[in-house]
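*Asks:* Single-letter residue listing:
Number of protein chains: 2
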Amino acid sequence: MKTYLYPDKKDWKELLMRPSFDSSFLQKKVKSILNEVKLNGDEAVKKFTQQFDGVELENFIVDEKEIKEASALLSNELRQAIQQAAINIKSFHQKQITEVEVIETMPGVKCWRKSVAIEKVGLYIPGGTAPLFSTILMLGIPAQLAGCKEIILCSPPNKNGKMHPAILFAAQLVGVTKVYKIGGVQAIAAMAFGTESISQVNKIFGPGNQYVTCAKQLIQQEGIAIDMPAGPSEVCVLADDSADASFVAADLLSQAEHGIDSQVLLVSCSESLVQKVEEELNKQLELLSRNIIAKGALKNSKGIVLKNLNDAIELVNEYAPEHLIISCNDDELIAEKIMNAGSIFLGNYSPESVGDYASGTNHTLPTNGFAKAYSGISVDSFVKKITYQKLTQQGLQGISKAVELMAEAEGLDAHKNAVSIRIKN
Amino acid sequence: MKTYLYPDKKDWKELLMRPSFDSSFLQKKVKSILNEVKLNGDEAVKKFTQQFDGVELENFIVDEKEIKEASALLSNELRQAIQQAAINIKSFHQKQITEVEVIETMPGVKCWRKSVAIEKVGLYIPGGTAPLFSTILMLGIPAQLAGCKEIILCSPPNKNGKMHPAILFAAQLVGVTKVYKIGGVQAIAAMAFGTESISQVNKIFGPGNQYVTCAKQLIQQEGIAIDMPAGPSEVCVLADDSADASFVAADLLSQAEHGIDSQVLLVSCSESLVQKVEEELNKQLELLSRNIIAKGALKNSKGIVLKNLNDAIELVNEYAPEHLIISCNDDELIAEKIMNAGSIFLGNYSPESVGDYASGTNHTLPTNGFAKAYSGISVDSFVKKITYQKLTQQGLQGISKAVELMAEAEGLDAHKNAVSIRIKN
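Residue numbers (our numbering), protein chains in the order written: chain A, 298 to 722; chain B, 298 to 722.
Read the hints as simulated data drawn from the structure, not as lab findings.
Among the hints, a few may not be true.
In this list, chains with the same sequence are indistinguishable; a pair is considered to hold if it fits within one copy or across any two.
In the DSS-like style, the derived pairs of lysine-lysine whose C-alpha atoms are separated by at most 30 Å in a straight line are [stated by the list, open to error]:
1) K326 to K307
2) K310 to K475
3) K411 to K306
4) K682 to K306
5) K682 to K343
6) K634 to K475
7) K634 to K417
8) K325 to K411
9) K407 to K344
10) K392 to K459
11) K344 to K459
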C-alpha cells in the first residue's frame, strides 16, 4: 500500500482514478460467440462448453436427483450457515416490497403504481477457484420475493461435468426453477436469445470475468436488461484513531484477496493510524492462503492522509466506493454526509464480510464509481413499476382544459382531440 | 391500419415485431462528435451548434433575465394549465419518496436502506416542430423531489438563438438550476464529459432523435448512467364492445401523430368494433393538422382480432406496450392480468393524453418491448438506494459462525479473518 500525505485537491481526480480496462479488443471474439449461439442454439453451446470448459455434455440441465443429493454432500454446519444467511437476507429484502397506494390527484382522477415481477430472469454464477454460492442467495432471494415466474441459473461445469453441491443447495433453497451447466459468454448468449433447451429471459444478473462483462454489455444493446455495469470489487475504509488497526488491516485484506485488480483504499486524518495499519497488513498478509493475490492487489492500493474530516468525506464522495467502512467515533454523523457509496458499514464491529454473506443486505453493488448513479441489487431490480390511472367522466371534465391547452401549445392536435371528443359526447 | 383476423399463436412473434432500427451506421459520426467535445469542450460545442443549429452563440447559458421574461410571453391560461399539471405530477410522485426503516435481522445486527439523491443530473429536451415543455415537468419534478443538487437542462436554440418561452417557464417552475442552449449529440457530450462552462453530470435523461439515442448508448458504456433505452412511442388499445369507437380512434390517432415511426395497435375480440374504429379513423384523420404524419404511422399499424379475452391478454403481455388503454367492461380485472406495460389507462374516460400531460403519472416510459424489464421514470430514477449496517459486538458474535463457515467454503480466508480477529479480541 502506498501512502499519500495531504494530497492537493487538484490531484484527487488522478489519485482516485480506477485502473481502466478497455474491453473493446474482446468485443470481436465475444460477438462471434454470441452470434453463433443465437444462430445454432444448443449445438453452439455444446461446442463452446467443450472448447472452454473441457467437457462434453449431453444435457446442460442439472436433474432433480443431482440437486436433491447436493444437500447431503454439505456439512450440517455449512447447511445451517447458508440457511441462517438466507433467513436474514429474506427479512431485509422483504421490506422492499411496496404496497399499492391509490392517489386521487384531482377529484375523479385516480392514479397508482404497482410493482409487477419481471417474468423471466437469468442468474449467472462464475466458476473458478471458489463456488460463489453466496451470490445465489443475493440474487435468488429478491427474485423469489419479487415473484419472478422463471428464475434460471447458469454456472460452468467442472472438468467432470459436475457442479459444486453448495451451488446446487443454494439454488434449490431460493427457488431457482432450472439450473444449467453452462458458463462464460455462451451462458449469457443462451439466456439472452434462448436455445432449444433454455428459454429466453428478460433480464440477466450476476458477476463474471471480462468476457462475461463484455457479453452483458453487448446483449444490453439488443434490449435485454442487465443488473448493472461491472468492475473489480473495492473497499474504502474511513478511519480515525478510535479504529483498531488490526481490524482495519483485516478488512482491507478481505477485499484484496478477491483479485489482483481489487481496489483497496484507506482514508484517514491520522498519520499514525495509517502507519499502524501498514504494519498490520504485513503481519496478517503472510497468514493468508490467497496471499499472492492479496499482495498483488495491495500494490495498487492507497493510504490517503488528509487534513480534516470534511476533506476526507469529500474525497470519499468523489471516489464513490462500492463498500465503505466507517471506523470512526462519529460513524453515524459521518454516514449522514456520505452521498456516494454502494453499502456502508458502521463502527468497529461491522466488517464488510458480514454484509458479503449473512447480515441481510445485498452484496451485489455498484463498483468503479457507478455508486454515483446506481444502486445495489434489491427487490426493485426484479420488478417493473407499472403506473395506472382511471378517470371518471367528471374527473376528465375537470382536467380537460389543462390537457387541451398544453397539447395545443405543443402542436399536438390529436392529443387534444382525444380529450375533446370525450367531453363533447 | 391493417386488420388481422384470428392470427395463429405461432405467428404472433412476427406480427408483434417492432420495425428494427440499426443505429450502428450512425455510431462513427456520433463517436467523432462525442470525442471532439470531450477533447475541445466549449469550442467544439460552439462549432457543432453553428453547424447543426445554424446559430453562432457567444454563451450557451440562458440568463436569468431571459428566464424571467419567459413567463410573460405565455398566456395566463397556458401558465395555469402548466401549473395545474405540475401540482398533479408532484402529488403523484411525492408518494414515491421512501422512509428509512431499520431492520434488526438478528439481535445486534441492524440494517437499513436510504434513498440518496443523484447529485448532478442532466435533462435533454429535443427541439423540432413543437416545444416539449411537458417533458420538463416529467423529468424535473421527480428530480426536484429526489433532492438532486444540480439539475441542468439542454435544448437546442432556434435560428435566432432563442429558446421557446414555455420551455423556460417550465424549467424555472421545476427548479432547473441551469439552462443551456445546446442540442443534439453535442449536448449529450457536454453533459457526459463536462466542458469549461457545463459541469459533468452523473445521469442523463430525456428523449431525442436517433443521433441523441445513439450518443446516450455510447456514453452509457463509459459509465454515465442514462434513463432507459429508447425507441419510437407506441400505444395499444384493448377494447370490447363497451368501447366507443370514436374514442378509440382518437386515442390511436393521438399516438400516430407523434411520428411516422410511431406504433399503434388495436386488440379486440370484436370484429365489428375494429371495423367501426377503422371508419372513425378515416373520418377523424382528415381533421388533424398533423395528418400526413398520422397517415404514415397508421400504415404500419395493426388491428388484431382474437378469439377470446385470454388470448388478447396474452398477446398484450407478449407485446409489452409503452401505453395500454383498456376500454373494456372488466377493465380492472383485466389490468390485474397485465404483466408487461409501461402505463395503463382504464375505462372510457382515461385517454393517454391525460397521462401525457396532467393527471400526475409520468410520461417517460419504456418503449419497444422494454416494459418487460424496465419501469418508467419516477423518483427512483433520481436516487441511489444505499444500504447501511451497524453491528454491536454481540451482534457480530451471533452472526460470526455463519460468516466464517461460508467464507471458508468459498475459499476466502481473509473474509473469514475479518470476523475472527474481532471475535478473538
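*Asks:* Would you mind marking each hint as holding or not holding in the structure?
*Replies:* Hints versus structure:
Taking CA atoms no more than 30 Å apart as the test, K326 paired with K307 passes in neither setting, with 40 Å inside one copy and 34 Å between copies. Within a single copy, K310 and K475 get their C-alpha atoms only as close as 45 Å, which misses the 30 Å cut-off; across copies the closest is 24 Å, which meets it. Only between protomers do K411 and K306 lie at most 30 Å apart by alpha-carbon distance; the minimum there is 29 Å, versus 45 Å within a single protomer. For the homomeric pair K682 and K306, the shortest alpha-carbon distance between copies (28 Å) is at most 30 Å, but the shortest distance inside one copy (41 Å) is not.
For the homomeric pair K682 and K343, neither the shortest alpha-carbon distance inside one copy (38 Å) nor that between copies (40 Å) is at most 30 Å. For the identical chains of this complex, K634 and K475 are inter-copy neighbours only, at 25 Å across copies versus 43 Å inside a copy, given an alpha-carbon limit of 30 Å. Taking the shortest alpha-carbon separations for K634 and K417, only the inter-copy value of 16 Å comes in at or below 30 Å, while the best intra-copy value is 38 Å. For the identical chains of this complex, K325 and K411 are neighbours neither inside a copy (41 Å) nor across copies (41 Å), given an alpha-carbon limit of 30 Å.
Neither within a single protomer nor between protomers do K407 and K344 lie at most 30 Å apart by alpha-carbon distance, with minima of 55 Å and 48 Å respectively. For the identical chains of this complex, K392 and K459 are neighbours neither inside a copy (36 Å) nor across copies (49 Å), given an alpha-carbon limit of 30 Å. Proximity of K344 and K459 under a CA criterion of 30 Å is satisfied intra-copy only: 17 Å inside one chain copy versus 60 Å between copies.
Checked against the numbered hints given earlier, the structure breaks hints 1, 5, 8, 9 and 10 and satisfies all the rest.
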